[in-house]
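Student: As a plain string of letters, each chain reads:
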Amino acid sequence: FIILPPDMHFHMIIVAVFWFGFVDSRKIRGISSSYKRFFRERKSFLCIDGSKIIPFEQVNDDYCDCEDGSDEPGTSACPQGRFYCTNLGFRPHYIPSSRVNDGICDCCDASDEYNSHAHCQNACWNLGQRERAYVEGQMRTLDEGLQLKQQLIEEGVLLWREKQAQLRELQQVAEDLQTKLEERRSRKQEADRLKEQTPRPPEAGDGQNSTVTGTFKLLDSNKDGSITVDEVQAKVALVHDEERVLSEDEAVALLGGDHQMDLTTFQHTLWDILTNGGRVKVSALSNTFLFVFLSDLREKLAIDYGPDWEFLFLNSQCYKLKVYEYTYTLCPFNQVTQQSTAGTEVSLGRWGMWEGPPKNQYGRMVYENGEPCWQGGSRSTTVTLTCGTETALRSVKEPSKCQYIMDFQTPVACQPVLKQRGIHSEL
Amino acid sequence: MGGVKRSIIKMATFTGSMAPVLVLWLAMSLSGTWAVDKGNFKTCDQSAFCKRQRALKPGDSPYRALLETMELTNTRLTLQLINDNNKVRLLLELYRLQGNMTRVKINELKPLKPRFEVPDVLITEPSTEPLSLLSQDENGVVLSLGTESQRVIISARPFRLDIMEGPEVLMSLNSRGLLAFEHLRMRKDTFSYKVTSTVASKEEEEKVDGMWEETFKSHSDSKPNGPSAISLDFSLPGVEHVYGIPEHADTLRLKTTDNGDPYRLYNLDVFQYELYNPMALYGAVPVMLAHKAQRTTGIFWLNAAETWVDISSNTAGKTVFGKMLDYVQGSSETPQTDVRWISESGIIDVFIMLGPTPKDVFSQYASLTGTQSFPPLAAVGYHQCRWNYNDQEDVASVDAGFDEHDIPYDYIWLDIEHTDGKRYFTWDSHKFASPKEMLQALEDKKRKMVAIVDPHIKVDSNYKIHNEIRNKGFYIKNKDGGDYEGWCWPGSAGYPDFTRPDMRAWWASMFAYDQYEGTAENLYTWNDMNEPSVFNGPEVTMHKDAVHGAWEHRDVHNLYGLYVQMATAEGQIQRSGGVERPFVLTRAFFAGSQRYGAVWTGDNAAEWDHLKVSIPMCLSLGLVGISFCGADVGGFFKSPSTELLVRWYQTGAYQPFFRAHAHLDTPRREPWLFGPENTALIRDVVRQRYTLLPYWYQQFYHAYRTGEPIMRPLWVEYPQDPATFALDDEFLIGKDLLVHPVTEEGARGVTAYLPGKDQVWFDVHTFQKHNGAQSLYIPVTMSSIPVFQRGGSIIPRKMRVRRSSSCMTHDPYTLYVALNLQRTAEGELYIDDGHTFNYEKKEFIHRRLSFAKNMLSSVNLATDAEFSTGSWIERIVILGASKPSKVTLKTADGQESQLEFDFDASMSVLTLRKPGVNAGLDWNVMLQ
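Protein sequence lines, in the order shown, are assigned to chains A and B.
Counting from 1, position 326 in the first sequence corresponds to residue 326 in the UniProt record's numbering; the numbering is continuous, with no gaps.
Counting from 1, position 818 in the second sequence corresponds to residue 818 in the UniProt record's numbering; the numbering is continuous, with no gaps.
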């Protein structure tokens, strides 16, 4: 016998009203109608597993005779037994026999406490009401969520194409630059060989306006039309030291001493410096940056954004939640951080992988290799995605030290399958 | 929870920039060897008084009894002793105590100032019996110790005491001349020294290090009173086995200490303690039991200062062959164990418990220090703890997890993080915003909670508890008279002076529901860190020159933890108006701590050896009265393998205090996190615990009445069987259940010794019968827990395991009657309300169940007691039975009825169906 937890979802949705007609005059306590046939009153009772025959008076006589517990569906006598809560108006379910008459109300119809000091009220109708309202709410959310998801999928596809185009462009620019650099190098070598004076600055490449915008957009994560220190820090790194985030000073320096920069300024200053710098050194540096953008973009496009690129829009977004004294930030496909009110920021992990169960592969994400922990190991975060009409971080917990779990709600986690299952489990 | 985490402390001291923290962290992780830092704790050589005393070798004692000073009254003998080297006189007092005990007290005759005598440990001034003088001459005195041919011989030169029974010497004191008494004196470099130096003996003038000041690591001990150590030796002829003097992570049978340090008794917070060594741990009970086949005796050294115990034996190191050779050649000297106690201050006050049986020693010791407090029934259930359950939601979800997986539990625990910044008696206002609601939710499931309250109080002028303690002057003082401050969990902390009765009364009043906000009746308390733990103190504890009123911390150190638990338990009793039984867990303890609650073995580790050592550690505590003992199931530090965790549950379920606990840094390990198979294994064993709760509860009642240990070594029940004397991988619960837990990784079988010639034992799972006095190999799988019921016993169980023990209150009993070879059996059934002190008002049921001549009957053992129960007898299972033709139940009103039964011929198990009689009534069942 399996003891079914009360929320097992494979119960049929049978509105309890149907039950009414079946209720026998001689009640056998604790059984469902599908088991009634075993309990038809005769002289004797055959244990359901067939192991033993007992006089019918010994059914529900508060002594366990059958190995399988089937003779005591309505008492607490059998260790493996289960009691059926009819729960008219709500959802019927089984509880372990050990919860019959234990002084705690388990069935909402109070049927489990027929001989105890507990004063249980029939709460099924209210529960049912609440449940139905909840399920309706869930259904609405799901419908709405699925619609939103469709939009996001469409946007995702566009975004994907755009990114692919950008990638191609950047690749082109990179190649051009590479060629130029090589040219310059060979020229320099030649010059050196000829012992001529210092090399002249490289000429500006042709037709680069589109890549200017492309690069700007790439840097401008939040798409507000200006690049900030944060954005530079997030996107720009040195090729020979990709792991290191640029310091604020370095980023400010790149922004020409300011904290932000619009496209026009960008084109005439930073871009200029990056590509048309007066000195070889700077020019080489700019090349370096570009390769980082490139590898960054390649890396990002290599991520699995779901079958319809529906998760793509989450890239470059960040979601915050304040829990007690900490603010948590989830930047999907990038990283998770925790900032204390005192201001120190700690990494709770970098994007690792999808780790959902086989049936719901995109139901869970893992972020790994965050800041190291005291007893070894490093911080990591598991993000569970749930269906909702908004995209937001709903909860953060740290059940074990350095192991965080987040509940992240988004329409793209809504699944039509879920819709069907939802009805069964929630009613 | 608990231990000192040095790295955290250091971190905490850097409140500034992040950089040093990171550097430190790296340093820690690189040097992360996993073990106690022994250098943090003193060896005997590093403890000046121990070194001085141990330098003294056996030989002629300089002490002489001045027989002419002898005074003998009806109740006591007094006699002066003189040290012939320095002419300092001591006063010996000798008492004959009721119940076959002798008390010997030795103090300075005229100390410069009073020396500390331990208060509050003895439950009353022990009753004396008359002593009478048998003979006297210039060599000594012979006194009679009452009626049983017992005598004390006091020899004058050198002074020694021999306790005899008939021709047999039971115990000798100072027979090796190691009595030492460092008398209080003026410091030599003072004026008074110059005055008295002319008469000072040569020995005294010798400069001995550490007499007036001592430094350990960076800590210095100012020792304003100078040297004050005491020492005495005891010889135990015929004894090869000594036990007790917890707390040490060592074998049950104490080892000789000739080649290493003595066993140390000094309550210390030892971070990541190591096993099988004599180092001091969290608690100290200065009681040793000595056992030989014919007799068990005990020595209770009532001294709360740092103490070291040396053990040597004339047979130690001899091989079995060597011993046999001695025997054959007749050249054997009598085996003998010699013990020597050394304490840093106070007086010699020793109780010699003369047995002769182990149970006599338990009752003798109980008559001095009291018995195990009778806990609420729920506390005998399963406890779920972790450092930390993070917030109310976490508590609710763990609680729900137990229901979802149908595993019973009674208490969920909150460690230090539940407080507002480690301010005890408070709640974190975010994480535990509505503690009363949380407690009510647990109450709705008939479950309870324990929250930690440690004795270090955050120094914070916005903290009520601190302000009150400071304003009332209740803090322990430092040597300069200011409030003593040390570093602990909250940062800088003060330590209330629990040795003060007024402080304890105030502390107790803080547990009132209107003082300790957010609490309710189902909230209980855990006292941790009460050694006391002081992170930046010498040996992670308090400076010995800190001041408790008239006394130094040196004098009272080992008592501190006892007082903390005493005051806390008193607080819990008071908050209910004296109605409800308290439940308080403590880490530090002393002789007498059994009166206040439970003890656990501190911050152990998730290692197989730690699982193994939990058995001798709790056995040793049980022998000295502290029955309510357990170890952190799963191990506190580190993370257990699934196999270790399951085996630990299986072991812990059969130990008195059953609590799982885990360090903050370890991954979660609630029972259902290791796959369905392991969840089932853990569920099964927790359920076994709950079915046996009636038996456990009865054992607690018995321990409360008699002082006998609940979890006991086999030799206690089989004192004449030498094969049991050193066993510590198996144990008895009461006298009827024998448990041999599986404590080896990958074990396929265990070999259990089943004691008792002409005894039989029944496997409680299969009902298979085994003969006693044999080593039995038992094949095991992951679900096996070898447990045997003694033939001749009756064990009551409740087979309807529910969510918590309270849910099972009205459930019926199944009686397991295991017949011996004489086809008889005896047992008891104890029932009360499970939580109040009403049992003291005789509100309980106590019945004797006996089976003889084919009749099982229940008779009242306490006719003056009254209680009514709804519980009835559901089933009777008779092991080793034969098939009857008819079974008749006869109730008190004379009515007879036939019972149905079922007989399993393969295992000879007879099951009687549903007698249905009320468990509190007289009845009998006749097999025909």
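No lab work stands behind these hints, which were simulated from the structure alone.
Even for Gly, the Cβ is constructed at its ideal location relative to N, Cα and C.
Treat the hints loosely; a few may be bogus.
[As the list claims (entries may be wrong)] Computed from the model, here is a short list of chain B residues facing chain A with C-beta under 7 Å:
id, residue
1, 406
2, 800
3, 807
4, 914
[As the list claims (entries may be wrong)] Which residues of chain B face chain A? A partial, calculated answer using Cβ under 8 Å:
id, residue
5, 444
6, 445
7, 664
8, 801
Student: Next step is simple, just say for each hint if it's right about the structure.
Tutor: Each hint, compared with the structure:
| no. | hint | in the structure |
| --- | --- | --- |
| 1 | 406 | holds, 6 Å |
| 2 | 800 | holds, 5 Å |
| 3 | 807 | holds, 4 Å |
| 4 | 914 | holds, 4 Å |
| 5 | 444 | holds, 7 Å |
| 6 | 445 | holds, 6 Å |
| 7 | 664 | holds, 5 Å |
| 8 | 801 | holds, 6 Å |
Figure legend: structure checked against the earlier numbered hints; every hint is met.
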